[in-house]
Each structure stands twice: as structure tokens, then as C-alpha cells.
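**Student:** Sequence:
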Amino acid sequence: MSIIVEVAKELLGMFLADARLTTATLVLVAIVAGLVVALRVEPLQGGCVLLLGCLAILVEAAVREARRRSAS
Numbered sequence: 001m002s003i004i005v006e007v008a009k010e011l012l013g014m015f016l017a018d019a020r021l022t023t024a025t026l027v028l029v030a031i032v033a034g035l036v037v038a039l040r041v042e043p044l045q046g047g048c049v050l051l052l053g054c055l056a057i058l059v060e061a062a063v064r065e066a067r068r069r070s071a072s
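45 is the number that UniProt numbering gives to position 45 of the sequence shown; each next residue is one higher, with no gaps.
Read the hints as simulated data drawn from the structure, not as lab findings. Built from N, CA and C at the ideal position, the CB exists for glycine as well. Do not take every clue at face value.
What follows is a list of derived Cβ distance ranges for each label pair [claimed, not checked]:
id	residue 1	residue 2	range
1	I31	R67	23 to 29 angstroms
2	L11	A71	27 to 33 angstroms
3	A71	T23	20 to 26 angstroms
4	A19	A66	23 to 29 angstroms
5	R64	E10	31 to 37 angstroms
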């Protein structure tokens, strides 16, 4: 049972390590869900927006971290 608790703590720590990255991803998912449900955008198009948005968020986070490390 303790191994399950340890894995859960690690997963939670991964998501909470970069609050900006987590928040941006959750906002993107909410926007895409709104597009698909409310505006009746095709799910494939919504998936494309989700993929491109996640890649943009990931690149931004990597650039931000690289700048932070080079400044210190």
C-alpha cells in the first residue's frame, strides 16, 4: 500500500512543480472543451488545437526555464 501512496505523491508533485504549466494546460483544455461543446467545432479540429496549444505551452515553459537557469 505504501508504494501506491509514494507513486501518488510523485505524480502530484510533478503536476504541482510548475504551477504555470499546469494552469495553462488546464485553461487550454477548458477552452478546447468549450469550443467543441458550445461552438460545435469538429472534435478532430479541437484535438489539433489541443495538440498545438500543448506544444506551445511546453516550448514556452522550456524557454522560461532555460532563461531562468542562464540568469543564475
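**Student:** Each of the hints needs a verdict: does it hold here or not?
**Tutor:** Results of checking the hints against the structure:
no., hint, in the structure
1, I31 / R67: 23 to 29 angstroms, "26 angstroms, holds"
2, L11 / A71: 27 to 33 angstroms, "30 angstroms, holds"
3, A71 / T23: 20 to 26 angstroms, "23 angstroms, holds"
4, A19 / A66: 23 to 29 angstroms, "18 angstroms, violated"
5, R64 / E10: 31 to 37 angstroms, "23 angstroms, violated"
Checked against the numbered hints given earlier, the structure breaks hints 4 and 5 and satisfies all the rest.
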